[in-house]
Amino acid sequence: MMKNENEFRITVEKDMVGKIVFDLEKQFLEEARSIIGQPVVLDLSAVKLIDSPGVALCVGLFKECKTKGSAFSIDASPDLYRFFKLFKLTKVIEIRERAAV
Amino acid sequence: MNMQDQEMLNELIVESREHLSAIEPDLLELEQKGDAISGELINRVFRAVHSIKGGFGFFGIEHITKLSHAMENVMAKIRDKNLAITPEVTDALLKGVDKLRTLLDDVANAESIPIEAEIAGLNPFLDQQVQAKTKTKDFDKKTSENNIETSIHQKHPDIQETQMIETVKNGKHLYQITLNSRTDLSNKDVAPSVLLETWEKFGEVMDVSFDFDNISGILGSSNKEIMYSVVYSTVLEPDLVSAGTGIPEEQIFTIDLTETRDKIKSEAAAKQTAQSAAQKISSSQEQGTSTAAKTQIKADNKIEDALRVKVGLLNNLMNLAGELVLSRNQLMQSVNRKLSEAVETESLLKNVTQQFMQSTRNMQEASRQGHEIVNQTADKEIARLKETVAQSLSMRLMDVPGLNSIMQNIDMVTSLLQESIMQTRLQPISVVFAKFPRLVRDLAKKLGKEINLTLVGQDVELDKSIVEQLSDPLTHLIRNSVDHGVESQEDRKKAGKPVQGEVVLRAFHEGGKVHIQIEDDGAGVNRNRVKEKAIEKGLFTVDDLAKMTDREIDNIIMLPGFSTAAVVSDVSGRGVGMDVVKTNIERLGGTVDIESEPGKGTIITMKLPLTLAIISSLIVSAGGRRFAIPQVGIDELVRIRAKDVTKRIDRLKNCEVMRLRGKLLPLVRLEIALDMVPTFIHPESNIRMVDKRKRWSDRRGLAEDKPQESQSNEQKIPAGVIPGDDRRGKGPDRRGNVSNAVKIVVLKYQDQHYGLVVEEVYDSEEIVVKPLSGYLKSSQCYAGSTIMGDGSVAMILDTNGLAQLSNLKFNDLEKDIETEKEKFLKDSNKKLRELLLFEAGENGNFGVDLSMVARVEKVETSRIVNIGGKDFLKYEDRSMRLLKLSDYLPVSAATETSNYTFVIVPKGSNHIMGIIANQVKDVVKTDALLDTSNIRGNGILGSAMINSALTLVVDMKTVFKSAEPEMFSD
Chain R
13 MMKNENEFRI TVEKDMVGKI VFDLEKQFLE EARSIIGQPV VLDLSAVKLI
63 DSPGVALCVG LFKECKTKGS AFSIDASPDL YRFFKLFKLT KVIEIRERAA
113 V
Chain G
208 MNMQDQEMLN ELIVESREHL SAIEPDLLEL EQKGDAISGE LINRVFRAVH
258 SIKGGFGFFG IEHITKLSHA MENVMAKIRD KNLAITPEVT DALLKGVDKL
308 RTLLDDVANA ESIPIEAEIA GLNPFLDQQV QAKTKTKDFD KKTSENNIET
358 SIHQKHPDIQ ETQMIETVKN GKHLYQITLN SRTDLSNKDV APSVLLETWE
408 KFGEVMDVSF DFDNISGILG SSNKEIMYSV VYSTVLEPDL VSAGTGIPEE
458 QIFTIDLTET RDKIKSEAAA KQTAQSAAQK ISSSQEQGTS TAAKTQIKAD
508 NKIEDALRVK VGLLNNLMNL AGELVLSRNQ LMQSVNRKLS EAVETESLLK
558 NVTQQFMQST RNMQEASRQG HEIVNQTADK EIARLKETVA QSLSMRLMDV
608 PGLNSIMQNI DMVTSLLQES IMQTRLQPIS VVFAKFPRLV RDLAKKLGKE
658 INLTLVGQDV ELDKSIVEQL SDPLTHLIRN SVDHGVESQE DRKKAGKPVQ
708 GEVVLRAFHE GGKVHIQIED DGAGVNRNRV KEKAIEKGLF TVDDLAKMTD
758 REIDNIIMLP GFSTAAVVSD VSGRGVGMDV VKTNIERLGG TVDIESEPGK
808 GTIITMKLPL TLAIISSLIV SAGGRRFAIP QVGIDELVRI RAKDVTKRID
858 RLKNCEVMRL RGKLLPLVRL EIALDMVPTF IHPESNIRMV DKRKRWSDRR
908 GLAEDKPQES QSNEQKIPAG VIPGDDRRGK GPDRRGNVSN AVKIVVLKYQ
958 DQHYGLVVEE VYDSEEIVVK PLSGYLKSSQ CYAGSTIMGD GSVAMILDTN
1008 GLAQLSNLKF NDLEKDIETE KEKFLKDSNK KLRELLLFEA GENGNFGVDL
1058 SMVARVEKVE TSRIVNIGGK DFLKYEDRSM RLLKLSDYLP VSAATETSNY
1108 TFVIVPKGSN HIMGIIANQV KDVVKTDALL DTSNIRGNGI LGSAMINSAL
1158 TLVVDMKTVF KSAEPEMFSD
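Line by line, the protein sequences are chains R and G.
Just so you know, my numbering puts the end of the first sequence at 113, numbered straight through with nothing missing.
Just so you know, my numbering puts the end of the second sequence at 1177, numbered straight through with nothing missing.
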């Protein structure tokens, strides 16, 4: 996870499936304490697969940010972007299609 | 909230408003249909409410979410047939719609707006649902299918009907599959995307939705159970879908497409109708017919792609298109001027060439007789000059080819562009009509009436600005129709009418305008009551009303001052604020007309222009400046020949009036109304000069004789204007000059007309209306401005404002004239009159006011010369026309002639006319009253017994006017 002055960037480098998601939930909870109004970007540009708990975690982070008054957006890999679009998450969350460098 | 969120929220608000607009008529239709509820109709309401709930749920705006959730629950009971739609249910839901609107109007403070009352209004029906559920545990198959369909629309509001239709057309089946995140995905270690990919082998995943309302933050989110709903289209038969997808059968629902199939059939039929209607359009010249057909076609083409565009951007485009039109006009004018210059140059060159050729021929002739060398030089010169002239000619011509077609193209493309941009601003009138079913329903309920409202022509389109301003006047009219127009149930029964009253709101195209009619089958206008009130209010006299047609009487209710509530509520129909309606519609460039048949109903017709941005106008000038008058207010143009001015234009109480087809029209001189110095173009010198006449019949003087010191300080003369002469009557009379004809634009003002006197009348032009700048906004005289083809600015006149500013009187004019006549007679009767008595014709006794007589001449009859049937006498070095009273008054001509006769020479006529008298009898002072009833005639003031003889008192001026109207002025 990376932070800079302008935004709070949370980068996930592995696919969000299975047990990883539960670990991520703990990490997100920890990091969320530092969120105080600054924009939060969830960088999933390296993630190719996401399971149902993973989706729920993304939504959970989005709602957490909303409560704290922080803008929330996701940088998604092309595969994930297609998925989010099908699930209509792009309608409520600002999601950008971005391939990992 | 950051900018992106704010933008998303703004879009959601706009979308939600649209949903609410759609819900209202659907709810009313549901109420009307009762048991015959259409699944599609109920689904539409569901989709709309659900979308609002879902959207605002994301933003955490609880009041909107809660209220829409409560409404959704009530809709669920209706859908499940656990609750019948009653007026009470509809009321509760409509109140919910109203409150949602209020919440949307102030989303920022939504949480502080109370929703308890609306939820409390909905709750009783939710309780009923519980009772109903305990009664009927099992739903029949149809209900279950209905549930699935409803659920699809609820969970998948984005699925288009067209997609469903396409699926059916392709022979596929449509399923709704529910996935449990635990049992169907996590427990099987399958990611949703992977599962759906496998399904794609047999069909298409059309839509996925999932409900994550139960996720409120990070904590525990990954462990939450999520239910996914998938719409899946496939060729797999129902018994194979479970195997193909790996999902238990109980989670798979087949979507019943019976309704969709029926829809396909009806769509095909409608398409056929539309095609035949389209054929009708092409063959029909009638605009009204084409509109009806257009409506049908448009209804079928609703699936067209649409894009939301900001109004500001459209307005900007409209302005730019307007600028382009103006630039095009300027370019066209400039090119045309250059072309005509080129043609002139060409003809000039031709003339020069011809003259030159002639001269050189002469020179050749001369040189032939002289030296050979001169001849050769001349030949060379001729050839060189010929070439130069030819070159210049061809160059001129080369400039022209191609230019015309380019100009035509620019012209056409600009017009098309402008037209297309205008169309982007057009909105269907349904935007306004949509609110009236609710209004009529609520009002009828309140008044205990039963009224059916029919909406016709909802697809008729009008400019956005007009549509927005139509709401208030239409609401007024509809309320009036329901409140005052349609009778109570008892009265309708008594009148033998059906208990249910009918109100029709209709829109259609006719004559390039949009007509909107409000028709009811009520009692109609009570004309007797209207007449009584009109007299009581002093608006009309009994005589006035007797001359009016029924339609004119009906339209009285729109006069200002008539339509106060106290007056109109007693009248059987219409009234409250009708003058406001009329004013508002007229402000939009429209008209309102009432047509009523007592006992049968009333039709109110409004005619509106399609747009306000470009209007047809007449260009006129005053004081050398050009102005545009909107055509909509112009009735006719009148040109009064210079010689007829004194006959047609009169002065009454400081106001000039014109007699037009027996009616008096007040006149407004544009220059004076605009506070400009009145000027005129001198017909001989063609120089603009100050016009100091007080009335049209006065003479104007010469500029060169004008002494500078006589200029009034108050009358500043504009630059370039040469001061006029106030020594009237000294120069030659130019009043008969063609250029002195008076041009009058007859304008409508409320129910009256007035004449606007202008200097020149030019062409009629389509002008682009530019709003007035802040500095001029308060001016009553102008409605806007425009840029003319030559780039100059012209102000658009507000004709109603001009009339108001001029304090015009209308109804009193005729009365005033009569009063003035009577006053004159009364005054003249009171005075001790000094009369010159004389005899004329065959023993006719006459008298003229001695103060009007300059002198009486005794002349030899032989000095009178008859030319062209008219008698003349040489008098003071000029010829004087002599009149025999028998030619103009009801007296017999003299049979005997004598060697001498008398000529009465009047004062103030420059001795150009006199009256022949056989004998001058006496000068008497008398106070005898003039009798005006016994003997009448033009030129007779009255009769009286003077010196025991019946004497006719003559008005010499009128007699002279009868003989030579153009020579005699007031």
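Keep in mind that a hint or two might mislead.
[Claimed, not checked] Derived lysine to any residue pairs resembling SDA-like cross-links, with alpha carbons at most 20 angstroms apart:
no., chain 1, residue 1, chain 2, residue 2
1, R, LYS78, G, LEU426
2, G, LYS671, G, GLY991
3, R, LYS78, G, ILE220
4, R, LYS97, G, GLY991
5, R, LYS100, G, GLY991
6, R, LYS80, G, GLU269
[As the list claims (entries may be wrong)] Here are a few chain R residues that face chain G, going by a calculated C-beta distance under 10 angstroms:
no., residue
7, PHE34
8, ILE48
9, VAL53
10, PRO90
11, PHE95
12, LYS103
13, VAL104
Hints in this document: simulated from the structure, not taken from any laboratory.
Cβ coordinates follow ideal geometry from the N, Cα and C atoms, glycine included.
Here's how the hints hold up against the structure:
no., hint, result
1, LYS78(R) <-> LEU426(G), "14 angstroms, holds"
2, LYS671(G) <-> GLY991(G), "19 angstroms, holds"
3, LYS78(R) <-> ILE220(G), "18 angstroms, holds"
4, LYS97(R) <-> GLY991(G), "50 angstroms, violated"
5, LYS100(R) <-> GLY991(G), "49 angstroms, violated"
6, LYS80(R) <-> GLU269(G), "17 angstroms, holds"
7, PHE34, "6 angstroms, holds"
8, ILE48, "14 angstroms, violated"
9, VAL53, "12 angstroms, violated"
10, PRO90, "12 angstroms, violated"
11, PHE95, "5 angstroms, holds"
12, LYS103, "8 angstroms, holds"
13, VAL104, "5 angstroms, holds"
Of the numbered hints listed earlier, those contradicted by the structure are 4, 5, 8, 9, 10.
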